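Enquirer: Take these sequences, add in the hints, and give me the full structure.
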Amino acid sequence: MTVHRFRAMGCDVVLAGGDPETAAAVFERWEDAFSLFRPSSELSRVNASRAPVLSVSPLFASTLELALAMAVETGWLVVPALEEVHLAGALLARRPGLRLDLNGVVKALAVDEAAAALDEAGFVACGGDLAVRGATDVGLPGGGAVRVECGGLATSGTATRGRHLVDPRTGAACESPWTHVTVSGASCLAADVAAKAAFLLGDDGPGWLDARGMPGRFVSVGGDVVCNGAWDGSLVCT
Amino acid sequence: MAGSRIEAARARARGAKLGLGALATLVLGVAFVGAKAHAAGHTKHRARPLAAPQSFERAVRESVLAGGRIAPPVQPPPVVTSTS
Numbered sequence: 000m001t002v003h004r005f006r007a008m009g010c011d012v013v014l015a016g017g018d019p020e021t022a023a024a025v026f027e028r029w030e031d032a033f034s035l036f037r038p039s040s041e042l043s044r045v046n047a048s049r050a051p052v053l054s055v056s057p058l059f060a061s062t063l064e065l066a067l068a069m070a071v072e073t074g075w076l077v078v079p080a081l082e083e084v085h086l087a088g089a090l091l092a093r094r095p096g097l098r099l100d101l102n103g104v105v106k107a108l109a110v111d112e113a114a115a116a117l118d119e120a121g122f123v124a125c126g127g128d129l130a131v132r133g134a135t136d137v138g139l140p141g142g143g144a145v146r147v148e149c150g151g152l153a154t155s156g157t158a159t160r161g162r163h164l165v166d167p168r169t170g171a172a173c174e175s176p177w178t179h180v181t182v183s184g185a186s187c188l189a190a191d192v193a194a195k196a197a198f199l200l201g202d203d204g205p206g207w208l209d210a211r212g213m214p215g216r217f218v219s220v221g222g223d224v225v226c227n228g229a230w231d232g233s234l235v236c237t
Numbered sequence: 000m001a002g003s004r005i006e007a008a009r010a011r012a013r014g015a016k017l018g019l020g021a022l023a024t025l026v027l028g029v030a031f032v033g034a035k036a037h038a039a040g041h042t043k044h045r046a047r048p049l050a051a052p053q054s055f056e057r058a059v060r061e062s063v064l065a066g067g068r069i070a071p072p073v074q075p076p077p078v079v080t081s082t083s
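From first to last, the protein sequence lines stand for chains A and B. So the first sequence is numbered by numbering that gives the first Met the number 0: it starts at 0 and just counts up by one. So the second sequence is numbered by numbering that gives the first Met the number 0: it starts at 0 and just counts up by one.
No wet-lab data here; the hints were simulated from the structure. Since the structure is predicted, the reported quantities are computational estimates derived from the model, not experimental observations. There's no promise every hint is true.
Reference excerpt, derived from the structure (chain A facing chain B, CB under 10 Å, subset only) [what the hints assert, rightly or not]:
{"id": "1", "residue": "C10"}
{"id": "2", "residue": "E72"}
{"id": "3", "residue": "G96"}
{"id": "4", "residue": "F122"}
{"id": "5", "residue": "G127"}
{"id": "6", "residue": "D128"}
{"id": "7", "residue": "V131"}
{"id": "8", "residue": "A134"}
{"id": "9", "residue": "D136"}
{"id": "10", "residue": "H179"}
{"id": "11", "residue": "T181"}
{"id": "12", "residue": "A196"}
{"id": "13", "residue": "A229"}
{"id": "14", "residue": "W230"}
For every residue, glycine included, the Cβ atom is placed at its ideal position computed from N, Cα and C.
Expert: Written out as structure tokens, the structure is:
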């Protein structure tokens, strides 16, 4: 299996089973629309606009709707903004100056799309997000490995970027007993959003994932590994 | 004779005023409806909160946050999941 590497979205992308240029084009399209570090991206232009109502592209509108659906599903833990926004078709209304952040879904969507474009069995990984086409063994934080048979695997935590996850309930950086939360989902998007929510939920994270039948593995600040029932039901906790 | 001509002129003037008023009201109404229906700057619907329809939310609950399938590893992993 030939493994390719390139940079996108500020992360190393690792790819096997497909054309790296095709995958890079997928990441570039998402980054071009939603990067907060490119002043020309649509998201940057929306955030910079002083107009109370804006017309946004169909991609922007559908992604925002998906982000909101995830916010509903997570009980407003993983949200695209810390204040109310309104959408009517392609018209977006929000308080001028309100910062939208769709990174909670965009990177995982790019990974899922790139994995769907693979030519053969393989995987696409970017940061902590991974999607597979065919069974793939994946190394886990703190040691150990797991075989991802389908869908995606995502890890959220503080190890790489520090306390970067904001808890919408407090508006402050999250205090969590976990350093890493790894979740297996039917897609990379599902895994990523669930991992963020479980991280923010702290001690309630394992049970919250079990209620949804999502396998989750937690590494505590002290280095202990805790697996929820769904994970243990799939394999011996490693 | 002169009085009846003046009365007739006043009656014609009243009729003309009523006609002009009705015409202006009609033109205003047609223009308003046309603008609501066709002008790009007029919203066709009330703005709704950024909330997914209930049916979509149900579909999301049933499928989007669904668990994946994992198993014990069988070979050294070619990739690792770090943190995002």
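Enquirer: A separate judgement is required for each hint: does it hold in the structure or not?
Expert: For each hint, the structure was consulted:
Checking A/C10 against chain B by beta carbon gives a least distance of about 8 Å; that is within 10 Å, so the hint holds. Evaluation of the A/E72 hint against chain B yields a held restraint, the C-beta minimum of about 5 Å falling below 10 Å. For A/G96, the suggested interface contact is broken, since its CB lies about 17 Å from the closest CB of chain B, more than 10 Å. Taken as an interface hint, A/F122 checks out: its beta carbon lies about 6 Å from the nearest beta carbon of chain B, inside 10 Å.
Hint status for A/G127: holds, given a least beta-carbon distance of 4 Å to chain B, under 10 Å. For A/D128, the shortest C-beta to C-beta distance to chain B is roughly 6 Å, which falls under 10 Å, so the interface hint holds. Of the supplied interface hints, the one on A/V131 holds, with its beta-carbon coming within about 9 Å of a beta-carbon of chain B, less than 10 Å. Against a cut-off of 10 Å between C-beta atoms, the interface hint on A/A134 holds, since the closest Cβ of chain B lies about 7 Å away.
Interface hint status for A/D136: upheld, as the beta-carbon distance to the closest one in chain B is roughly 4 Å, under 10 Å. Proximity of A/H179 to chain B holds as hinted, the smallest CB-CB distance being about 6 Å (cut-off 10 Å). Satisfaction of the interface hint for A/T181 is found here, the shortest Cβ-Cβ separation to chain B being roughly 6 Å, below the 10 Å cut-off. This hint holds: A/A196 has a C-beta 9 Å from the nearest C-beta of chain B, less than the 10 Å allowed.
With a least beta-carbon distance of about 6 Å to chain B, the hint placing A/A229 at the interface is held under the 10 Å criterion. Interface hint status for A/W230: upheld, as the beta-carbon distance to the closest one in chain B is roughly 7 Å, under 10 Å.
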